[in-house]
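Asker: Residue-level listing of the chains:
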Amino acid sequence: QTVVTQEPSLTVSPGGTVTLTCASSTGAVTSGYYPNWFQQKPGQAPRSLIYSTSNKQSWTPARFSGSLLGDKAALTLSGVQPEDEAEYYCLLYYGGARVFGGGTKLTVL
Amino acid sequence: EVQLLESGGGLVQPGGSLRLSCAASGFTFNGFAMSWVRQAPGKGLEWVSVIYSGGSSTYYTDSVKGRFTISRDNSKNTLYLQMNSLRVEDTAVYYCVKTMGVIDFDYWGQGTLVTVSS
Chain A
1 QTVVTQEPSL TVSPGGTVTL TCASSTGAVT SGYYPNWFQQ KPGQAPRSLI YSTSNKQSWT
61 PARFSGSLLG DKAALTLSGV QPEDEAEYYC LLYYGGARVF GGGTKLTVL
Chain B
110 EVQLLESGGG LVQPGGSLRL SCAASGFTFN GFAMSWVRQA PGKGLEWVSV IYSGGSSTYY
170 TDSVKGRFTI SRDNSKNTLY LQMNSLRVED TAVYYCVKTM GVIDFDYWGQ GTLVTVSS
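Read top to bottom, the protein sequences are chains A and B. Residue 1 is where the first sequence starts when you use our numbering, and the numbers rise one by one after that. Residue 110 is where the second sequence starts when you use our numbering, and the numbers rise one by one after that.
Bound conformation, chain A alone (with noise of 0.2 Å):
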């Protein structure tokens, strides 16, 4: 049963930065796994931020980057808006299966 982890939740300051991060129970991250990032709020569908690691859907924010972090992938905001607080899921290919992450759930406050 392969785990994808993210943290499960994070505070950040309005206008500050901070990363998420996506990691894998079968080993370090890669482009290979083309980690895909989604943002959802409540009552909401998910919407695709990132796709392929580092590429932002033309609709992403600026202040919106996808990396590799070590043996992780990585979102990271920069600038923080109040209306970023949302739910930021991961999402892992693994050659046929997708797994997603648990969440981490951002707060800006």
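Treat the hints loosely; a few may be bogus.
Stated by the list, open to error - Straight line, CA to CA, 16 Å or less: simulated EDC-like cross-link-like pairs of lysine to aspartate or glutamate:
1. A/Lys56 / B/Asp171
2. A/Lys56 / A/Asp71
3. A/Lys41 / A/Asp84
4. B/Lys152 / A/Glu7
5. A/Lys105 / A/Glu85
6. B/Lys152 / A/Glu87
7. B/Lys152 / B/Glu198
8. A/Lys105 / A/Asp84
9. A/Lys105 / A/Glu7
It should be emphasised that the hints constitute simulated quantities derived from the structure, not laboratory data.
Since chain A is already given, all that's left is putting chain B on it; use the hints.
Answerer: Chain B alone, transformed into the frame defined by chain A:
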């Protein structure tokens, strides 16, 4: 404009069956893989299944293998999920998701709620 409209959700008893549909528009449906993702009440996202553009390749999460079948009708621009032997733990909002080719996700539908309860 890409649109994904799920339908077919509802209340079903344990052991019952349900077929979900996802009507797609605004893109060349037969050129992209499509996935189903679900979210149990108050829980996180769970990938369920994917079908590649031609329909010949499919993958499932372990918990639904042998019970769920994903399919597509490219002539109708519609994605399906046949769910049999439903369990209480299958209760969730089911989302239809478009990929950007085969792997990366981009557009999501608004979801349809499936409730499995006696």
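Asker: Compare the structure with each hint and give your call.
Answerer: These are the hints, each one checked on the structure:
no.: 1; hint: A/Lys56 / B/Asp171; in the structure: violated (30 Å)
no.: 2; hint: A/Lys56 / A/Asp71; in the structure: violated (21 Å)
no.: 3; hint: A/Lys41 / A/Asp84; in the structure: holds (9 Å)
no.: 4; hint: B/Lys152 / A/Glu7; in the structure: holds (15 Å)
no.: 5; hint: A/Lys105 / A/Glu85; in the structure: holds (8 Å)
no.: 6; hint: B/Lys152 / A/Glu87; in the structure: holds (11 Å)
no.: 7; hint: B/Lys152 / B/Glu198; in the structure: holds (12 Å)
no.: 8; hint: A/Lys105 / A/Asp84; in the structure: holds (10 Å)
no.: 9; hint: A/Lys105 / A/Glu7; in the structure: holds (8 Å)
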